[in-house]
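Asks: Fit chain to chain and form the complex, with the hints in mind.
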Amino acid sequence: DQQVKQNSPSLSVQEGRISILNCDYTNSMFDYFLWYKKYPAEGPTFLISISSIKDKNEDGRFTVFLNKSAKHLSLHIVPSQPGDSAVYFCAASRGTASKLTFGTGTRLQVTL
Amino acid sequence: DGGITQSPKYLFRKEGQNVTLSCEQNLNHDAMYWYRQDPGQGLRLIYYSQIVNDFQKGDIAEGYSVSREKKESFPLTVTSAQKNPTAFYLCASSHNSPLHFGNGTRLTVT
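As they're listed, the protein sequences go chains A and B. Read in order, the letters of the first sequence correspond to residues 894 to 1005 in this note's numbering. Read in order, the letters of the second sequence correspond to residues 729 to 838 in this note's numbering.
Hint data in this document are derived by calculation from the structure and do not stem from the laboratory. A few of these clues could be false.
[As the list claims (entries may be wrong)] The calculated DSSO-like cross-link candidates involving lysine-lysine, where the alpha carbons are at most 27 Å apart (straight line), are:
#1 B/K737 with A/K931
#2 A/K898 with B/K785
#3 B/K799 with A/K992
This is chain B alone, in the form it adopts within the complex (with noise of 0.2 Å):
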């Protein structure tokens, strides 16, 4: 059963400390894509990632970074530069196909 698995579904931090966000996908997508959704503000985009070791900046990509050493995976790291990390994730994946989305990490950063 292919998809998109992003662990864990809620996370809680500490301000000042970095945080990594998982993302696996099993569809054989090149296309790997991070987006962040904020009441009233829709989903925009982190990071996108559209072959293995390659990958480009979204529209808001201060203080976030990203690796793509896998096909599989596009591990997320909201740092401690980001200064509003209180979010909802989703990542996303595709292939010459409409974006197939994960169901979300919700970062919770007091």
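Next up, chain A with everything else stripped away, as it sits in the complex (with noise of 0.2 Å):
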């Protein structure tokens, strides 16, 4: 049962322009949720985390929102560089100090 999903394995987007990441989640319980990047070989890398009391965290270039009611949230990178060419892993939790759910990743390719 994949509780945390991303639906789109890839993604392409031109260098400048917005990358738009998306996640879906069925359990309710998570109030937490967090976005990490991966390079192949690599261990992945947080980038940017929200708790259900918000519906908005941004942190430079990147923005995540969280949409409750439909139990959706997405992750705005703008604008997108070369180096952000990586695959992208939503997350969630119960609660901040616990262990994660992750989604299946997204692999974004950011071109010239």
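Replies: Here you go:
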């Protein structure tokens, strides 16, 4: 049972444009959501998070939006840069100090 | 320079052999985790430990075992009972913070 879903396996965006990565979850007990970025043969690195008490969190070029009623979150990257090309994982947990459930990832390619 | 060290980066074993993957952290984090990554399946939780001498099964614990004798170390043993052991294994730690990951061990069993 996939509790966190990323339905787009891949996404291609031109440099300078906006990248929008989507994530859906089914477990209404999740109240903390994170995005990780992963390069091949490396561990994921934390990008940005959001608590369920918020609907938006921004950090530089990265913004995460949370729609609790739709059980949907999205990561916006603007402007996209070639170095953003990686696999992005959405993750969710019950509380900030709990184990994470990950989505299947979306491979983002930023083209010149 | 704090971090998580997973060794070796690549590991090859014959089918039927047990193998232990190392994970050491110097971040003074209480909690440690083992995840497995397979193509198209994201990261799946194998085992986790929130304090020394205690650990819990994750979603796919069958065929694996762990120990947590020291705060800094959380080794994972892939036993011969694990039906599909070939994968990329990731260790992580946290302390009231987002998980911090090591760079993984790619295990190939033939």
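Asks: Against the earlier hints, flag every one the structure doesn't satisfy and list their numbers going up.
Replies: none
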